[in-house]
Amino acid sequence: MSTEHILGLVTGVLLGVLLQKGRVLRFDKQVGAMLLKDMTILKFMLSAIVVGMIGIQILAAMGILTLGHKAMNLGAVLIGGALFGCGWAVMGFCPGTSVGALGEGRWHAVFAIIGMLLGAALYAELYPVLKTSVLAWKDFGKIGLPAALGIPTWVVVVLFCAVTAGVFTLFERKKI
Amino acid sequence: MMRLKTSDGGWSPYLAGALVGLLAIASALATTFWMGKTSYLGASTTFVRGAGMVESVAAPERVAANAYFKKEKVKVDWQFMLVLGIFLGALISSKADGSFRLERVPPTWAEHFGPSVGKRALAAILGGAVAMFGARMADGCPSGHGLSGLMQLSVSAFIALALFFGVGVAVASLVYRRRA
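These protein sequence lines map, in sequence, to chains A and B.
First residue of the first sequence: 1, per our numbering; consecutive thereafter.
First residue of the second sequence: 1001, per our numbering; consecutive thereafter.
Isolated chain A (complex conformation):
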């Protein structure tokens, strides 16, 4: 194993422990969030995003890290995002949590994993066609929100934290 492999494995084990302790690997938690009954996964995700965002943005501003935006390819993000939502509601796992659920003994997650491998293989088959159609519609490139809106990064970060605090207050008030 190279440094790359060891680093990936160690990070993955720590992430797996935290996902398991946060109880977000469960089908019931994911579907519970989509039915707006149990917001555990949103509390977990937004907490991770706020902490990570502050650190990553400071380190990027200092020139220590480089940001790697994914392209804002209009057709791809809109259609792909909607398809993911459809499949996620039925599957009840996302790619990362499916393998974690298997680790927790929820062996039915193996069906979700098989389905996702099939979906990836199908995408690879259709990629040449998609490349000249959906993926070629309109690509806004690798852009960040501060540049797109013309607002300083720290203002966007503060606004994001404020909105998140409001959302958390709502979740606690409604006990969801």
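Please note that the accuracy of each hint is not assured.
To be verified - List of simulated lysine-lysine pairs, DSSO-like, C-alpha gap at most 27 Å:
#1 A/142 with B/1071
#2 B/1095 with B/1005
#3 B/1073 with B/1037
#4 B/1119 with A/37
#5 B/1075 with B/1037
#6 B/1071 with A/138
#7 B/1073 with A/131
#8 A/142 with A/131
#9 A/174 with A/37
#10 B/1037 with B/1070
#11 A/142 with B/1075
#12 B/1070 with A/131
#13 B/1005 with A/174
#14 B/1037 with A/142
#15 A/175 with B/1005
#16 B/1005 with B/1037
#17 A/131 with B/1075
#18 B/1070 with A/138
#19 B/1071 with A/131
#20 A/138 with B/1073
#21 A/142 with B/1095
#22 A/142 with B/1073
#23 A/131 with A/37
#24 B/1005 with A/37
Because the hints were derived from the structure by calculation, they are not lab data.
Position chain B relative to chain A; hints supplied.
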């Protein structure tokens, strides 16, 4: 107000989530210093590589000729090990705190569609295929877009996550309407 433990023996999602945020920062730094390139947490590309590996057993020349497999490179990389690590971490953690359970069908699923493993398997395979097709088209899943993309304030991540969740809510309200 904030409890550090939940009723099911887990940790507060706020606490566990915040620790994932710290892990994401540490991981971005570690990959920058030790691999020479900043890598952010993600999972769905690994399914492309996994599919390529499985397909290689039956038709290696087909995989070698495919433009998408060429683009994503079918190999065990940092993210592949990360995904394997999630499995191991969840196994260790659930065995350690006694929350490991062999489960045939998710409880919420059984409430709505009964205890049939076949029915659940069919739905999960179909749902999984559609979701992964979408994730590859959008170039990310709730890890790559949701966590890593939002931390970086990527425009694509805000739109992708809004669609993941918005469409998920709409479809879930239809799918889980009936009871078994």
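Verification of the hints:
The suggested pairing of residue 142 of chain A with residue 1071 of chain B holds, with an alpha-carbon distance near 18 Å, which does not exceed 27 Å. The straight-line distance between the Cα atoms of residue 1095 of chain B and residue 1005 of chain B is roughly 18 Å, inside the 27 Å bound, and the hint therefore holds. Taking the CA atoms of residue 1073 of chain B and residue 1037 of chain B, the gap is near 17 Å; set against the 27 Å cutoff, the hint holds. With a CA separation close to 24 Å, the supplied pair residue 1119 of chain B and residue 37 of chain A stays within the 27 Å bound.
In summary, the hint linking residue 1075 of chain B to residue 1037 of chain B is supported, as the alpha carbons are separated by about 18 Å, within the 27 Å threshold. Under the criterion of a C-alpha separation no larger than 27 Å, the hint pairing residue 1071 of chain B with residue 138 of chain A is consistent with the structure, at around 20 Å. The suggested pairing of residue 1073 of chain B with residue 131 of chain A holds, with an alpha-carbon distance near 17 Å, which does not exceed 27 Å. Pair hint residue 142 of chain A plus residue 131 of chain A holds up; C-alpha atoms about 17 Å apart against a cutoff of 27 Å.
Between residue 174 of chain A and residue 37 of chain A the alpha-carbon distance is near 10 Å, which keeps this suggested pair within the 27 Å criterion. A C-alpha spacing of about 20 Å is found between residue 1037 of chain B and residue 1070 of chain B, which places the hinted pair at or below 27 Å, so the restraint holds. Taking the CA atoms of residue 142 of chain A and residue 1075 of chain B, the gap is about 25 Å. The hint holds against a cut of 27 Å. Between the alpha carbons of residue 1070 of chain B and residue 131 of chain A the distance comes to roughly 14 Å, so the proposed pair stays at or under 27 Å and holds.
Only pairs whose Cα atoms come within 27 Å are accepted, and residue 1005 of chain B paired with residue 174 of chain A is accepted, the gap being roughly 19 Å. Among the hinted pairs, residue 1037 of chain B with residue 142 of chain A is consistent with the structure: their alpha-carbon atoms are about 17 Å apart, no more than 27 Å. For the hint linking residue 175 of chain A to residue 1005 of chain B, the alpha-carbon distance of about 16 Å falls within 27 Å, and the restraint holds. Annotation: proposed proximity of residue 1005 of chain B to residue 1037 of chain B is violated, straight-line Cα distance about 37 Å (limit 27 Å).
Taking the CA atoms of residue 131 of chain A and residue 1075 of chain B, the gap is about 23 Å. The hint holds against a cut of 27 Å. With a C-alpha separation of about 24 Å, the suggested pair residue 1070 of chain B and residue 138 of chain A falls inside the 27 Å cut-off, and the hint holds. Between residue 1071 of chain B and residue 131 of chain A, the direct Cα distance comes to roughly 12 Å. Compliance with the 27 Å bound is thereby established for this hinted pair. Pair hint residue 138 of chain A plus residue 1073 of chain B holds up; C-alpha atoms about 26 Å apart against a cutoff of 27 Å.
For the given pair, residue 142 of chain A sits about 42 Å from residue 1095 of chain B by alpha-carbon distance, which is inconsistent with the 27 Å threshold. With a C-alpha separation of about 21 Å, the suggested pair residue 142 of chain A and residue 1073 of chain B falls inside the 27 Å cut-off, and the hint holds. Restraint check for residue 131 of chain A and residue 37 of chain A: not satisfied, since their Cα atoms lie roughly 39 Å apart, outside the 27 Å limit. Restraint check for residue 1005 of chain B and residue 37 of chain A: the C-alpha separation of about 19 Å stays at or below 27 Å, so the hint holds.
Violation of the numbered hints given earlier is confined to hints 16, 21, 23; the remaining hints are satisfied by the structure.
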